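Chains as they are written, first to last, in our numbering: chain Z, 980 to 1309; chain A, 980 to 1309; chain S, 980 to 1309.
FYI, nobody ran anything at the bench for these hints, they're computed from the structure. Take the hints with a grain of salt, since some may be wrong.
As the list claims (entries may be wrong) - When the alpha-carbon atoms are kept at most 30 Å apart in a straight line, the in silico DSSO-like pairs for lysine-lysine are as follows: (1) 1216(Z) <-> 1216(S); (2) 1082(A) <-> 1245(S); (3) 1194(S) <-> 1145(S); (4) 1194(S) <-> 1082(A); (5) 1194(A) <-> 1216(A); (6) 1194(Z) <-> 1140(Z); (7) 1082(A) <-> 1082(Z); (8) 1216(Z) <-> 1194(Z); (9) 1003(A) <-> 1082(A); (10) 1003(S) <-> 1216(S); (11) 1082(Z) <-> 1140(A); (12) 1145(Z) <-> 1194(Z); (13) 1140(S) <-> 1245(Z); (14) 1003(S) <-> 1082(S); (15) 1140(S) <-> 1082(A); (16) 1216(S) <-> 1194(S); (17) 1216(Z) <-> 1003(Z); (18) 1245(S) <-> 1145(S); (19) 1145(A) <-> 1082(A); (20) 1245(A) <-> 1194(A); (21) 1082(Z) <-> 1194(A); (22) 1140(A) <-> 1003(A); (23) 1003(S) <-> 1140(Z); (24) 1216(S) <-> 1082(S).
Note that the structure is a prediction, hence the values are computed from the model and not measured.
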Amino acid sequence: MTANIQLDDNGRLKHLLTLEGLSKPLILRILDQAAAFADATQGRDKKLGHLRGRTVINLFFEASTRTRTTFELAAQRLSADVLNLQVAASSTSKGETLFDTLKTLEAMQADMFVIRHDASGAAHFFAQHAAPGVAILNAGDGRHAHPTQGLLDMYTIRQAKGDFSKLTVAIVGDIVHSRVARSDIHALRTLGAREIRVVAPPTLVPAGIEQMGAKVFHSLDAGLDGADVVILLRLQKERMLGAFLPSLGEFHRDFGLTRARIRQLKPDAIIMHPGPINRGVEIEGDVAYGERSLILQQVSHGIAVRMAVMAMILAPEDAGRAKATKRRAA
Amino acid sequence: MTANIQLDDNGRLKHLLTLEGLSKPLILRILDQAAAFADATQGRDKKLGHLRGRTVINLFFEASTRTRTTFELAAQRLSADVLNLQVAASSTSKGETLFDTLKTLEAMQADMFVIRHDASGAAHFFAQHAAPGVAILNAGDGRHAHPTQGLLDMYTIRQAKGDFSKLTVAIVGDIVHSRVARSDIHALRTLGAREIRVVAPPTLVPAGIEQMGAKVFHSLDAGLDGADVVILLRLQKERMLGAFLPSLGEFHRDFGLTRARIRQLKPDAIIMHPGPINRGVEIEGDVAYGERSLILQQVSHGIAVRMAVMAMILAPEDAGRAKATKRRAA
Amino acid sequence: MTANIQLDDNGRLKHLLTLEGLSKPLILRILDQAAAFADATQGRDKKLGHLRGRTVINLFFEASTRTRTTFELAAQRLSADVLNLQVAASSTSKGETLFDTLKTLEAMQADMFVIRHDASGAAHFFAQHAAPGVAILNAGDGRHAHPTQGLLDMYTIRQAKGDFSKLTVAIVGDIVHSRVARSDIHALRTLGAREIRVVAPPTLVPAGIEQMGAKVFHSLDAGLDGADVVILLRLQKERMLGAFLPSLGEFHRDFGLTRARIRQLKPDAIIMHPGPINRGVEIEGDVAYGERSLILQQVSHGIAVRMAVMAMILAPEDAGRAKATKRRAA
């Protein structure tokens, strides 16, 4: 799957499917735009007019209230008309049924689809078949990519730490099933992070991860040693037991971030997690809400980043790089 | 069930329950208004202000994401506040429960209800009991009527073919269960189509259909011969087998529109289908997306037609016949 | 649970959790504001701008289409962005999971949460943990409180009857499980109702209700004698049988409001019910829609009251006591 389909001839975003292949200047431009939107929505009135009269359809083949909600809020705050469609993946597993769904909704003059699907490549499939002018945002496809999560993570790291070139980033937990890990690794590499580590038991590390530029650690203590940023991943408890992990308790003991362990971190290290957290599994509750944790800031940044991507694709002339004019519904 | 309840003393629409009994000038006025809205929503900003501050409630007793979506988009684009209520029909089967539901939602100052129900006559029931000023749109009631589908079909035919008086229209498939077929036949007759054909195996043709003005064909080849317009109906696969059809394969062989069969059509014949299509049953996938097919255009027209009906009922002074002023939220 | 958490240092509402402890002037101010909104939304355009750019999240841990709908409409008519989240209570029964949910949604810059939960005290829990500036509206928590229902009941009584000090109010039915009864009793007492009666079989009267200021009647005839206002409660049929009631028929015979019984009422007595009614259980259908019934007006008043509370909390400077300026989206 190539990333070129995401860009138009002038190198501007027309879809967002993966962070793989996006240039450093483009990623930084998205983060700058997100910062401008974060700033513009600080006050009481969070409504901007960039997508007024446009239609954004959240097309979720996999249930995710939380992610859907952030996309819905992002679109609402840009004044788009938003439609939520939850589709049972079972009834649309065949490519031609996906195609029929896309074409039908396109005919309703949708401008953008936010797609979540449990099949890797689903967002690419939509982008390949979308009519000109119709944008596809990948909100997570299988184990492949979750690019807006990757961007909000980069936003959070940049805001807290500034220069990526000095950072050692440890990604901890279920790497093998994680689209978040893949998107983070692509972005961190592009942005020039000094060292990217994946920290997990052998069963949860995918083959070939070193080729993506990550160092593998099977010991949490070693993996955290000297880290500036710790990104924990959510453990999908249901699918873990048996095949991948002997027990949740053992995982917590060996890879959970506890109060004891954060004392070993660098004093200014930050802790992140895409949420929702499993208290007592990958993280202790006290740590999640402790002073080093940026988990809730990640949620806020997620809306700003999604607004940025939506506006840069659908209203590129309005979404100036550094400034979100408070253009109102007129 | 009389149609008069749909019109006020000046002959203007106050509900839309059925196309039966609507005059030719009124139908044409709706189509003209729809054309104006289709034109006004071509650009990036599809938002018009006709229903600003009005409340439209989609009250669906039968699940239909697709139809509900088109009504929701139509209302959104006219700036209405839209509320979606999905009600289990089982819990509201009794007339008095329907009545309680209507009265309660009316008391919330709803201006319009879009109703879908599996009982024929449900929309009439609501219209009979609605308070003055409250409008009912029938989005499909049992086997009875689906008037906005009928209107969008007429819109599509008129745009492609112009004058109805020269047209032979073949409606193919499960006529007996189809509210779409009934609404199409009423409209085609009113608009003066030269010949209306229903083409189906004997088990799928309702008694008395000739009295509605249709000619019955049990052979697809004969039914398509000389047709200008072919309207395929969706086969509800689940309820067909056994009682009505020996097998889906046999239906496809005898009544499915295949590449082979469209070669026998008149060169300028058009193909329509209310969707969603059953590939390999009533139509082949290649035919559905072929050059004669207007299936996706029907979807687009559906939004324009629904906007037209909503605006003509709730904002008749703004919804000028031929011109949709781009009145904005001010 | 104290009520103080609801008020800021100037005695203004910042949450609405219970009517217990609210002052008479504050309750009257809410009713006045509701009257202003009821007036301002009489015309065709029901849209006001008070909450433009604000985000209201309906967070329902207990299904209630009807209540959720009235909050959604109230927020829409004030131009808020509204998000509906239906959460299975089972998956969020633990306090720390509720806390995680609150904090995550807060991070999305929600301004107000409308909470319904089957656990008494859930709304207080949220208010205790909400960030400064985030408002909590209780839409019903267990058997504890349903303050907007209490307010709309007071609005309805005041509009029909004026001065509370002359009124005898009989609340009839399942008192023991009713948060509506509790909220009504608190408000009636604060507003100075002459006499508050609860009328129910002994199994449905909670211990200690007299300390709230209510007189207990186990005979409907005695309870209705001289009443100016009759508030019927909805019987949750499923949980009644066996433990609390021998049969629904017996309940209807002894405590149902029938045509025969309303003839014994004072000529100007009014009948109320929070809905949805159980015809033939607590009320006969004819009585529900009879001339003394204000049941549908209660629904309308519910929207005005909810608008009032939302605006007074989130836009106190705009929500003048007696006048709702038609401030539009600009």
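Structure-based check of each hint:
no.: 1; hint: 1216(Z) <-> 1216(S); result: violated, 38 Å
no.: 2; hint: 1082(A) <-> 1245(S); result: holds, 26 Å
no.: 3; hint: 1194(S) <-> 1145(S); result: holds, 16 Å
no.: 4; hint: 1194(S) <-> 1082(A); result: violated, 34 Å
no.: 5; hint: 1194(A) <-> 1216(A); result: holds, 25 Å
no.: 6; hint: 1194(Z) <-> 1140(Z); result: holds, 21 Å
no.: 7; hint: 1082(A) <-> 1082(Z); result: violated, 38 Å
no.: 8; hint: 1216(Z) <-> 1194(Z); result: holds, 25 Å
no.: 9; hint: 1003(A) <-> 1082(A); result: violated, 33 Å
no.: 10; hint: 1003(S) <-> 1216(S); result: violated, 35 Å
no.: 11; hint: 1082(Z) <-> 1140(A); result: holds, 24 Å
no.: 12; hint: 1145(Z) <-> 1194(Z); result: holds, 16 Å
no.: 13; hint: 1140(S) <-> 1245(Z); result: violated, 69 Å
no.: 14; hint: 1003(S) <-> 1082(S); result: violated, 33 Å
no.: 15; hint: 1140(S) <-> 1082(A); result: holds, 24 Å
no.: 16; hint: 1216(S) <-> 1194(S); result: holds, 25 Å
no.: 17; hint: 1216(Z) <-> 1003(Z); result: violated, 35 Å
no.: 18; hint: 1245(S) <-> 1145(S); result: holds, 14 Å
no.: 19; hint: 1145(A) <-> 1082(A); result: violated, 47 Å
no.: 20; hint: 1245(A) <-> 1194(A); result: holds, 19 Å
no.: 21; hint: 1082(Z) <-> 1194(A); result: violated, 34 Å
no.: 22; hint: 1140(A) <-> 1003(A); result: holds, 17 Å
no.: 23; hint: 1003(S) <-> 1140(Z); result: violated, 53 Å
no.: 24; hint: 1216(S) <-> 1082(S); result: violated, 36 Å
Against the hints set out earlier in the document, violations occur for numbers 1, 4, 7, 9, 10, 13, 14, 17, 19, 21, 23 and 24.
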